[in-house]
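Participant: Residues per chain, in single letters:
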Amino acid sequence: MLSFCIEKRLRAGDRHFDLELEYALPRGAFLGVRGPSGSGKTTLVRCLAGLARPDGGYIECEGHRWFDSSRRSCLGARRRPIGLVFQDYALFPNMTVLGNLLYARNDPERARELLELTRLTGEARQFPSELSGGQRQRVALARALARGPELLLLDEPLSALDEELREGLGDELRRVQLETGITAIMVSHSRAEINRLCDEVLELRAGRIDGAQRPVL
Amino acid sequence: MSLDFAPFLVSARLAAWVTGILLCLCFPLAWLFSRSRGRWAIWVESLVCLPLVLSPTVLGFYLLVFISPRGPLGSAFQSLFGSRLAFSFAGIVLGECVSSLPFMLTALKTGIAGVPEALFEASYSLGKGRLETAFRVVLPNMRSGLFAGLVTTFAHAIGEFGIVLMIGGSIPGVTKTVSIAVYERVEALDFANAQVYSIILVVASYVGIFMLNNLKRREGRR
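Those protein sequence lines, which keep their order, are chains A and B.
FYI, in the numbering used here the residues of the first sequence are 1 to 217.
FYI, in the numbering used here the residues of the second sequence are 1 to 222.
Each hint should be verified, as a subset may be incorrect.
Said to hold, decoys possible - Sample of chain A residues facing chain B (criterion: CB under 10 Å; computed from the structure):
#1 Ala49
#2 Leu51
#3 Gly63
#4 Gly83
#5 Asp88
#6 Tyr89
#7 Ala90
#8 Asn94
#9 Met95
#10 Ala140
No wet-lab data here; the hints were simulated from the structure.
Glycine included, C-beta positions come from ideal geometry on N, C-alpha and C.
Here chain B stands alone, though its shape is the one from the complex:
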């Protein structure tokens, strides 16, 4: 039994990129959605949360159309960077960002909504703007929401299969993630290696969820 560790590195790198990008992207979005009273927010939020209910293959198909060399984003990417977006690491990062966005967004939105309104108002009345309020008051007081967003997004990005396969294929060391490796090992009837890959994923996921629940419990006691 010889275990290839490259899929773990690809998965970890992919999940780290996706989690980082989504944290930066979703915090302002979550702020907007949790504090906006306009009806437009419901329309936009429903749209960005579509990946929660949409089949990964359907999402993957549309993403592939969008990022293929003839698609609007794919052709723009190719003319800018001279390489294709489909079947590349950047391509699966983009696909995973779209697919995992609702997980990060929902967790951050719940976290922001859990910060008492009086803390926002106290900060504004002390002459602070939204940015300073966000970083010095809101973020430190929504730690469990923030951690929930990080854990669920990271775990989802590690475990995603359909979209990655659709838009990234299975290029060793580039787009072949652990989930794809498990699928290929099972296809090849190599259950021993499939078992090892799967056990490592299960243990890593359990540790993440355990840490999240532990933090929530500690926050609840404060």
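In isolation and in its complexed conformation, chain A is listed as follows:
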């Protein structure tokens, strides 16, 4: 179970607004977060990842408090059991695909399993600059899963891909999430994408939850 109450003052252009988000997500669920630009989607992911510090509230995952403003405690990003997939994937250019996975966790056997899971076995020795957009997305996903995280955070993981690739990789993402049983949160602009892939959907508007629902397929 992941539960959070995040309060943070944000700036969008020349105006300020308060991010106030409270939600609980059962273990193994796939939550989609959508909303217009500047509604706080990426800030939510960054707060959960430990890359941004909320002004108030709490974050609790599987019984562990990652952040609690009342106790002034905040676990840094490197101490949180998370896997994070960035919008531009942020693969390390100086490492091969295998190197990226081994950097996350120095376990060749686990790396081999993840390469098979993401269908990248043939690309293990290639560098990120030699891969297509879809292959990079899968490397980023494999790397995020390498540590065996409790929470997978995906910040617009499909937005850099063309239309044809998006659908196939979205399905692949869902397959991997179901196979690993990991709790996941995906930020996306696309309503159709989120409705197709996620168990639950959060609609954000100006830092507030504008609606929470199970998607209508």
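Starting from the structure of chain A, add chain B where the hints point.
Facilitator: Showing chain B alone in chain A's frame:
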């Protein structure tokens, strides 16, 4: 014409020491300055970059006061090692470190700033600390900045004249560098040897700058 090669050895040894020391010292400083949002960073950075604009003789004078046997560092050095710091090889290494620090610092800071923020965050989110991120992610991805720091610092240390003369004098085989040798040859109206020393310095500097630009061009294509 008999060419004394000892000044080349002193210069090369001096530049190697200075480059090595500054690489170790400036990387954490550059990391701090490029990633700090505090106002204090601007104050400290301006102070350490002062040698860029300060006259070498002024800098040399203050360093000499500082490292002379009656100065705070000079007296401490003498009581610890039993030898004086001024007019010694260690003294000119120290002076050159102060003088060349901005060159290494600026290049490394530019290099670190050129590494995308997402790579730092990706590394932290994978459970890595600053040290591992620095050595395995940041350093390999700022090669041109690193090389620029090494080349400019080495070249500056080889060519520095004012500070070395002020705090080291011209002791053959100890503090007499190529730049001082050129100066002395010109003073003695021995233009032939001054010419040879100078040509060797020009060629060595050109090779260094050529390699740096070549690396930058190759990095730009990646």
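Participant: Each hint needs a verdict: does it hold in this structure or not?
Facilitator: To see whether the hints hold, each was checked on the structure:
1. Ala49: With a closest approach of 6 Å, the Ala49 of chain A hint holds.
2. Leu51: Check passed: Cβ of Leu51 of chain A comes within 5 Å of chain B, closer than 10 Å.
3. Gly63: violated, 20 Å
4. Gly83: holds, 8 Å
5. Asp88: holds, 6 Å
6. Tyr89: Holds, about 8 Å.
7. Ala90: Since chain B brings a Cβ to about 4 Å from Ala90 of chain A, closer than 10 Å, the hint holds.
8. Asn94: holds, 4 Å
9. Met95: holds, 8 Å
10. Ala140: Since the shortest Cβ distance to chain B is 9 Å, the answer is holds.
Checked against the numbered hints given earlier, this structure breaks only hint 3.
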